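> Assemble the whole structure, with the sequences as input and the hints as a guide.
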Amino acid sequence: MLPIARGVFNSLTLMTRSSRGAIHTVSAHKCKAAAAESETVEEITDESVDEGKMSGSGAPDPKDRTKVIPVETSMRYLKSAAYKTTYGDSFVWTQYRRNHKGMFAPRKTRKTCIRQGKISTGNPCPICRDEYLVLDYRNTDLLQQFISPYSGQLLSYSKTGLCQKSHLRLMVAVEQARDCGLLTYDVPFREYDYSEYYGKQEKKQEQ
Amino acid sequence: MSLSPASGIGRFYKHSAKIIRFVRQGCTNRPFYHIVVMERRKNQHQPVIEQVGSYDPMPNDNNERLVALNTERIRYWLGKGAHMSEPAAELLGISGLLPVHPRTYMTAWRNRKAAAEAEPVESAATA
Amino acid sequence: MLRAGYQLLNHSPLGAAKTGSNNFALEFVRWRRKPRWLPVAKSKVFRVPERKKQPEEERAELMRLHNHYKTQLRSVRQFLRAEVVRHEETSTADHIVLTPEQEEAEYQLCIAENAAWNAKIASERELRLAKEREEKVAYVQERLDAGKLREELRRERASEHIRHEIEQSKTFITRSNLDEAIETALANPVDHNFAIDMAGAMYKGRTTQSLGSSA
Amino acid sequence: MSLFKHIRQLNALQCLQAKRQYSPAALKSASLQYDKDPQPLFTDSETQRLLQSMTQLQLDKVFRQRTVPDNSSETKFMTTLQLEKQFVKTIEKAKHLLQMPPVVKIKQDTERIISKDPAMKDFATTKFVFTDITFGLRHSERKVVVRDVDGSLSYASLDTTKRMNQLYFPLEGRKSYTPRMFADEQLLQRCLDEHKYEFILDRLLVQYEPYETEFHNISARVYEHLNESKQFDLLRSTRHFGPMAFFYAWHSCIDDLLYDMIRNDYLHNAVELIALSYKIHQVPVDYKQTLSQLEQLQPTPAERAHAELLSCLKTKDELGIEQEIHQAIGKTEQDFTADELSLKFIEQYIGSEHSRKKVQLELALQTLKEVNLEKLQLYQGLKKAHGVQAS
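Residue numbers (this note's numbering), protein chains in the order written: chain U, 1 to 207; chain H, 1 to 127; chain S, 1 to 215; chain A, 1 to 391.
There's no promise every hint is true.
[As the list claims (entries may be wrong)] Derived EDC-like pairs (lysine to aspartate or glutamate); straight-line CA-CA distance at most 16 Å:
1. U/Lys118 - U/Asp61
2. A/Lys61 - U/Asp186
3. A/Lys121 - H/Glu39
4. H/Lys113 - A/Asp122
5. A/Lys61 - A/Glu212
6. S/Lys70 - H/Glu86
7. A/Lys127 - H/Glu90
8. A/Lys175 - U/Asp186
9. A/Lys175 - U/Glu175
10. H/Lys80 - S/Glu88
11. S/Lys70 - H/Asp56
12. H/Lys113 - S/Glu57
13. A/Lys196 - U/Asp193
14. A/Lys95 - U/Glu196
15. A/Lys127 - H/Asp61
16. A/Lys107 - U/Glu196
17. A/Lys105 - U/Glu196
18. A/Lys162 - U/Glu196
19. U/Lys84 - U/Glu175
20. H/Lys80 - S/Glu57
21. A/Lys162 - A/Asp233
22. H/Lys80 - S/Glu83
23. A/Lys127 - A/Asp150
24. A/Lys95 - U/Asp61
25. A/Lys143 - U/Glu191
26. A/Lys127 - H/Asp56
27. H/Lys113 - S/Glu58
28. A/Lys93 - U/Glu191
29. A/Lys344 - A/Glu324
30. A/Lys314 - A/Glu324
31. A/Lys230 - A/Glu185
32. H/Lys113 - A/Asp150
33. A/Lys230 - A/Glu194
34. A/Lys127 - H/Glu64
35. A/Lys143 - H/Glu72
36. A/Lys162 - H/Glu64
[Claimed, not checked] Beta-carbon label-pair distances, calculated as ranges:
37. A/Glu141 - H/Cys27: 34 to 40 Å
38. H/Glu86 - A/Ile114: 37 to 43 Å
39. A/Gln86 - U/Gln144: 33 to 39 Å
40. U/Glu191 - A/Thr79: 27 to 33 Å
Hint data in this document are derived by calculation from the structure and do not stem from the laboratory. Note that the structure is predicted; figures quoted are calculated from it, not measured. Glycine is no exception: its CB is placed at the ideal position from the N, C-alpha and C atoms.
Right, here's the structure in full:
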């Protein structure tokens, strides 16, 4: 348990240094630490031990994204209290604001937030900023947040603020989930022409 | 009267020679043909009178070559005295709509002959 | 393209190489043919292209097949031509073929339809015109009544005026009673030269010397 | 474009898996099949009427908000007359939306060779598939022929025909590959366990033709699962309810559905279901008389829905005291008489050897009877209290 406490402390000190954007990351970090504590104790301790070995300071780099988070963890995270405290009842993307010069945002969002396994920007997109949000077709709770309840289509990146890479991954995941039947959608109505199936036989009956 | 779904914008004289032939659509290294009716004297990049089918010469996953033919219109145009280019005539012959073109038979026997010649060579090589 | 190729060919007078040495000599992969107007290359002048021999039996077979094919196609074409003609005759897609009786019947039908329509419209028009006429009559009547009323009122007012004038004329001064009037006027001089104070008391001027007397 | 590329790659991978897994999902659980052609019985006008009546017409469910790209609505000012006309149109539209998918037997693939030409052997290395794309033809009458490498010309198999039809005249929503939901046994099972019956069946209709083996297998599987989970309310007032009821009646496992109907107080439907099963199995019981009596007493679902729509027009004052009592209790006098008739009929069925869950059904029936009796007493009491004359 000690390493976790240290991690939390370190992240708190980080908070004083960093800007507004970091607050979110920190709180997420904290919560995740708590969540992971309750769920996957060994995993986290291993991680922190490794980090301790690697660097003297022992603080995990909040911008590092080399670690692959399994989908199952992400799905559990979405249901956990940590997620709840971070995002509340709103969607993952509702609180996110894009930074841009001038009055109007550029038409497209940035190409990617993660370069060479690290977050390369100060304001990463809603998916990239939280490493525990994994886009996968099994992660329906997450995908559902990006689908419009009115038209059933995917929300545009101009609304959600996803980077282009995440958006592409999201599109693929949603399409796969629909294919697998994990996400339901309104199937177009098929009209049947009965005579196409019964026409000949009815004629026979008439004769 | 509205245009029929496959009609083109090509202008033509009533008594000019029409021909049913291929027009190469598609791109480099990926041929795809429209089967069209147009005036015989025009080249293939000019507007057509009507599209009556399509032909995909590259086999698909199931090892099939797909051909679509608007048989009603083909019959109409042939009845109107339209000519046919040789590949188009071959294709229509293969489809069973018209008699089989001699060239198809020719390729068939040439292919058979080539296979028969290749076989003894192969058997000799293996033996 | 060809022109470019030509220039390239002519570019190196030494005929050194269209490959390699010259850096900006682009080499076209697709259209590398010599221009039409250049003569045959020296190295190819005496080359005789080999002609493929077609076996005699194959030629005969192909001839037979072609004859066969042409005959078949001719009959197919004939059939299709007949089909098209038949279709054009029977089809009602763009033109309608009618027998004279049918045409007559259709004409009668149209006439009847038109007559019925006309009758309907005529009855409607009758109704409308009658209504309009009535309205017009009513309007004119109304206007007349109103005019009459107006005239009466005017008369009334005029007679009233006359009566009033007659009433007034009784006090008029005429030639006959002129002297009388003069006398009366002289007998009763009226002096308008007076003043009135706030209390309403009248102070006659000229004849009354109240101011002077009081002073 | 890049998205398509991604998906295509994934699909290619899936196809490999799907081809391996293709057979299990389709072939497994083919326990219940139509052993002979169900068509004459299904298209029979009486059967159709029974099925439609059983399906019911709940406008809220038929016209639920759909999440489709264009789900715009229009607001209009109308006179009462126009509104009434619009109501009639609405009912027609709802009926159209409830059109039942046809029930047909599995079509067997037959090889029909048009001509054989041995001289054309090896004329090409691949097969040629010719599709007639003449404008305005129906799918069933579109000709697809195949010229094989050995020179024989034949009509294409059903599979190829469907593929070509989808290629040249695409049906919206149908995929050119088998969706993983249908190909993968576990995914289908998962969907079933999550009770997405309507979604599965909707998708099934779009993906497969009614005469295909997969259609029969998967629909049979869904119906069986539904019979076990007893969530019949999910399909009520959808286009799948009719074929489902027909399926149960055909395979004589109507008891669960019957139980559900009795519990929900759809006695009229219960009678129809029993009548349908009698009709299919040709049981010598005279059900027609009861049915005709019931029909006289109770309106069809379309009429009921129409009345429901019209009732919005009336203000509260216009409703008589009698109607208010009906609303409060939910039944009219006619309903009570109809209930009596149907109860008698159902009891007769439970008593017979055809029912399998007698105890359960009897219990449900008993409960219903008591509730009904209470309601009747309340109804009569209210009527007396308000001084409404017994008609």
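> Hint by hint, say whether it matches the structure.
Each hint tested on the structure:
1. U/Lys118 - U/Asp61: Given pair U/Lys118, U/Asp61 holds - Cα atoms ~9 Å apart, limit 16 Å.
2. A/Lys61 - U/Asp186: The hint holds at about 14 Å.
3. A/Lys121 - H/Glu39: 35 Å, violated
4. H/Lys113 - A/Asp122: 10 Å, holds
5. A/Lys61 - A/Glu212: Violated, at roughly 29 Å.
6. S/Lys70 - H/Glu86: 13 Å, holds
7. A/Lys127 - H/Glu90: 15 Å, holds
8. A/Lys175 - U/Asp186: 15 Å, holds
9. A/Lys175 - U/Glu175: 12 Å, holds
10. H/Lys80 - S/Glu88: 11 Å, holds
11. S/Lys70 - H/Asp56: 27 Å, violated
12. H/Lys113 - S/Glu57: 15 Å, holds
13. A/Lys196 - U/Asp193: 26 Å, violated
14. A/Lys95 - U/Glu196: 20 Å, violated
15. A/Lys127 - H/Asp61: 12 Å, holds
16. A/Lys107 - U/Glu196: Measuring from Cα to Cα gives roughly 14 Å; hence the hint holds.
17. A/Lys105 - U/Glu196: 14 Å, holds
18. A/Lys162 - U/Glu196: OK: A/Lys162 and U/Glu196 at ~14 Å, within 16 Å.
19. U/Lys84 - U/Glu175: 27 Å, violated
20. H/Lys80 - S/Glu57: 37 Å, violated
21. A/Lys162 - A/Asp233: 34 Å, violated
22. H/Lys80 - S/Glu83: 10 Å, holds
23. A/Lys127 - A/Asp150: 9 Å, holds
24. A/Lys95 - U/Asp61: With a Cα-Cα distance of about 62 Å, the restraint between A/Lys95 and U/Asp61 is violated, given a limit of 16 Å.
25. A/Lys143 - U/Glu191: 22 Å, violated
26. A/Lys127 - H/Asp56: 12 Å, holds
27. H/Lys113 - S/Glu58: 13 Å, holds
28. A/Lys93 - U/Glu191: 12 Å, holds
29. A/Lys344 - A/Glu324: Cα-Cα ~29 Å, so violated.
30. A/Lys314 - A/Glu324: Satisfied, since the Cα-Cα distance of roughly 12 Å is no more than 16 Å.
31. A/Lys230 - A/Glu185: Judged against 16 Å, a Cα distance of about 22 Å means the pair is violated.
32. H/Lys113 - A/Asp150: 15 Å, holds
33. A/Lys230 - A/Glu194: 13 Å, holds
34. A/Lys127 - H/Glu64: 5 Å, holds
35. A/Lys143 - H/Glu72: 12 Å, holds
36. A/Lys162 - H/Glu64: 15 Å, holds
37. A/Glu141 - H/Cys27: 34 to 40 Å: Between A/Glu141 and H/Cys27, where Cβ atoms are some 35 Å apart, the hint holds.
38. H/Glu86 - A/Ile114: 37 to 43 Å: 24 Å, violated
39. A/Gln86 - U/Gln144: 33 to 39 Å: Holds: the Cβ-Cβ distance is about 36 Å, inside 33 to 39 Å.
40. U/Glu191 - A/Thr79: 27 to 33 Å: Because 32 Å falls inside the window, the suggested range holds.
Violated hints for the displayed structure, listed by number in ascending order: 3, 5, 11, 13, 14, 19, 20, 21, 24, 25, 29, 31, 38.
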